[in-house]
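Trainee: Please put together the full structure from these sequences, using the hints given.
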Amino acid sequence: MKITKETVEYVAHLGRLRLEPHEVELYTEQLGRILDHMDALSALNTEGIEPTSHAIPVSCVLREDAGRESLTMEGSLQNAPERKGNFFKVPPIIEVD
Amino acid sequence: MNYNDYEGVMGLEVHAHLLTESKIFCGCSTKFGGEPNSHTCPTCMGLPGALPVLNKKVVDFAIKLGLALHCTINRKSIFARKNYYYPDLPKAYQISQYEEPICSNGYLDIFMNGEKKRIRVLRVHMEEDAGKLVHESTIEASTYSLVDYNRSSVPLLEIVSEPDLSTPEEAVLYLKALRDVLVYLEICDGNMEEGSFRCDANVSVKRKSDTKLGTRTEMKNLNSFRSVEKSLAYEITRQIDLVKQGGTVIQETRLFNVDEGITYSMRGKEEAHDYRYFPDPDLLPLIVDDQWIEEIREGLPELPMAKMERFMTDHGLPRYDAEILVSDKELADYFEETVRLCKEPKTASNWIMTELLRELKNGNISPKDSPLSPAHLAELLSLIKDGTINIKIGKEIFPELYERGISPKELVKEKGLVQISDETAIVAMIDAILAKCPREVEEFRAGKDKLLGFFVGQVMKEARGKANPKLLNELLMGRLKGSG
Numbered sequence: 000m001k002i003t004k005e006t007v008e009y010v011a012h013l014g015r016l017r018l019e020p021h022e023v024e025l026y027t028e029q030l031g032r033i034l035d036h037m038d039a040l041s042a043l044n045t046e047g048i049e050p051t052s053h054a055i056p057v058s059c060v061l062r063e064d065a066g067r068e069s070l071t072m073e074g075s076l077q078n079a080p081e082r083k084g085n086f087f088k089v090p091p092i093i094e095v096d
Numbered sequence: 000m001n002y003n004d005y006e007g008v009m010g011l012e013v014h015a016h017l018l019t020e021s022k023i024f025c026g027c028s029t030k031f032g033g034e035p036n037s038h039t040c041p042t043c044m045g046l047p048g049a050l051p052v053l054n055k056k057v058v059d060f061a062i063k064l065g066l067a068l069h070c071t072i073n074r075k076s077i078f079a080r081k082n083y084y085y086p087d088l089p090k091a092y093q094i095s096q097y098e099e100p101i102c103s104n105g106y107l108d109i110f111m112n113g114e115k116k117r118i119r120v121l122r123v124h125m126e127e128d129a130g131k132l133v134h135e136s137t138i139e140a141s142t143y144s145l146v147d148y149n150r151s152s153v154p155l156l157e158i159v160s161e162p163d164l165s166t167p168e169e170a171v172l173y174l175k176a177l178r179d180v181l182v183y184l185e186i187c188d189g190n191m192e193e194g195s196f197r198c199d200a201n202v203s204v205k206r207k208s209d210t211k212l213g214t215r216t217e218m219k220n221l222n223s224f225r226s227v228e229k230s231l232a233y234e235i236t237r238q239i240d241l242v243k244q245g246g247t248v249i250q251e252t253r254l255f256n257v258d259e260g261i262t263y264s265m266r267g268k269e270e271a272h273d274y275r276y277f278p279d280p281d282l283l284p285l286i287v288d289d290q291w292i293e294e295i296r297e298g299l300p301e302l303p304m305a306k307m308e309r310f311m312t313d314h315g316l317p318r319y320d321a322e323i324l325v326s327d328k329e330l331a332d333y334f335e336e337t338v339r340l341c342k343e344p345k346t347a348s349n350w351i352m353t354e355l356l357r358e359l360k361n362g363n364i365s366p367k368d369s370p371l372s373p374a375h376l377a378e379l380l381s382l383i384k385d386g387t388i389n390i391k392i393g394k395e396i397f398p399e400l401y402e403r404g405i406s407p408k409e410l411v412k413e414k415g416l417v418q419i420s421d422e423t424a425i426v427a428m429i430d431a432i433l434a435k436c437p438r439e440v441e442e443f444r445a446g447k448d449k450l451l452g453f454f455v456g457q458v459m460k461e462a463r464g465k466a467n468p469k470l471l472n473e474l475l476m477g478r479l480k481g482s483g
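These protein sequences, in sequence, are chains A and B.
Reading the first sequence from the start, the letters are residues 0 to 96 in numbering that gives the first Met the number 0.
Reading the second sequence from the start, the letters are residues 0 to 483 in numbering that gives the first Met the number 0.
Calculated directly from the structure, the hints in this document are not laboratory data.
These numbers come from a predicted model, not from an experiment.
Even glycine gets a Cβ: it sits at the ideal position worked out from N, Cα and C.
Just to be clear, a hint being listed does not mean it is correct.
Said to hold, decoys possible - Label-pair distances were calculated between CB atoms; the ranges are:
| id | chain 1 | residue 1 | chain 2 | residue 2 | range |
| --- | --- | --- | --- | --- | --- |
| 1 | B | 75 | A | 30 | 30 to 38 Å |
| 2 | A | 21 | B | 119 | 50 to 58 Å |
| 3 | A | 21 | B | 139 | 37 to 45 Å |
| 4 | A | 53 | B | 34 | 51 to 59 Å |
| 5 | A | 77 | B | 281 | 21 to 29 Å |
| 6 | A | 10 | B | 45 | 16 to 24 Å |
| 7 | B | 286 | A | 68 | 38 to 46 Å |
| 8 | A | 10 | B | 161 | 27 to 35 Å |
| 9 | A | 14 | B | 256 | 31 to 39 Å |
| 10 | B | 12 | A | 11 | 27 to 35 Å |
Mentor: Printed below as a string of structure tokens:
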């Protein structure tokens with residue numbers, strides 16, 4: 000097996016996913032199979048080949064440094080689950096000793 | 000306890016806000032201080048489907064800084080996603096550069112007591128800033144946080160040094176030198192209070208004899224040079240004490256509390272960071288060609304260190320003067336313009352460092368906005384040089400010249416301050432004083448040389464400060480030593 004239950008639980012936490020025990024089982028098995036499949040690539044000799052970060056041979060498109068109109072403040076805030084004045088309101092984040 | 004066996008090992012990560020019009024990946028304004036969430040759009044708020052497009056000027060600025068720091072400019076660099084959950088980061092990842100940054104392996108020289116030390120720069124990379132969390136009371140007491148995304152995606156350059164700094168003083172010198180470079184390049188305003196020049200520090204300690212580095216802590220929240228120096232000094236002492244008492248330093252992030260002058264442990268919701276960097280599929284590899292780099296190189300201004308050397312060699316200034324003048328590009332420009340007009344570098348430097356800086360500091364005015372122009376300062380220095388007025392009068396009228404921004408020639412005329420260089424007039428005053436003080440004349444002639452100052456003072460008083468001091472001295476000596 001390529002991947003343990005603990006790893007799946009850890010990755011789920013990083014992705015803020017709440018998984019039921021049977022889902023953890025299922026994903027451990029499925030993710031394991033995906034990783035096994037990726038192993039097929041290891042069989043290839045990649046010596047001297049530059050790592051590929053992007054699949055197509057195109058380079059970055061740039062824009063000139065010019066301002067464009069932003070959304071209105073109401074437009075920006077309309078999806079806010081909670082707001083206070085013109086701020087987004089969120090649960091407190093820092094715990095300090 | 001003996002601290003001398005130990006030394007600090009520090010590396011700094013500096014974040015510099017770039018002076019671009021628009022954000023790094025969208026056209027929203029980068030201006031500081033707008034209404035909350037008024038400079039936002041789907042891209043910088045991370046709304047689904049919005050795509051980033053790189054601002055060319057950010058690349059220009061990165062190359063500029065890379066060249067100024069003697070870095071290798073990488074012909075190909077890659078944007079990566081740094082993943083973490085935090086409410087100031089709307090996409091839940093920050094677009095940054097990781098394995099392939101735009102600049103690598105440079106250096107910046109600092110001068111510690113006149114001695115050069117080379118601080119290696121590991122890398123310079125481009126990234127976007129996060130939004131800003133606001134708390135109505137203290138962070139600790141808040142039951143919620145407020146978020147303003149105006150700062151989200153404002154372009155940053157992160158400059159990472161090697162752990163080459165051994166003392167808090169060195170760290171501050173490095174930071175100041177780096178800030179000077181950014182300001183000279185006109186790519187960052189260097190304002191620490193507003194957060195456009197921010198610093199995190201990695202700190203560890205080791206026995207001087209050891210080669211292996213100790214466990215490091217990361218210090219955040221260093222928003223003034225004073226905080227940097229104080230917090231590093233505190234943290235180094237804390238770690239040495241800990242190690243000497245048999246404890247171990249824990250790798251953690253610590254915050255500096257300015258009021259208490261101590262650092263304390265900060266624990267985020269996510270304890271161990273696992274950023275899972277990977278190339279951002281939305282942004283293709285950035286290719287920079289030689290022509291682009293050469294164009295930027297040709298446009299580079301003279302940098303602070305080079306200017307300092309030139310002030311020392313061409314203008315014959317002491318290092319102390321040169322350091323002060325180049326610490327502010329506008330002040331250096333002011334000095335050069337004054338020297339161009341009056342050809343007296345050292346005199347100009349003296350007047351600028353004392354009289355002018357005093358007035359500028361009092362009013363919190365930048366040199367470029369000085370009401371007293373370089374032309375007027377040069378004129379004042381010429382009036383002194385050609386003997387129209389003496390130095391003392393020059394210093395006396397300086398505040399008024401500065402205040403009113405008028406020509407020194409006019410003010411001198413207006414106030415009737417032209418120096419008395421007429422021998423007959425001065426001799427008449429000398430004789431009048433000597434006649435009034437026969438006892439002192441007697442004593443002087445008997446060998447009490449110190450009385451010369453007394454006579455000079457008396458005559459100067461009579462002349463209301465306007466007598467030519469050199470002439471006065473000569474004539475006075477003549478009268479005292481002669482028959483009288």
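Trainee: Of all the hints given earlier, name the ones this structure violates by number, lowest first.
Mentor: 4, 7
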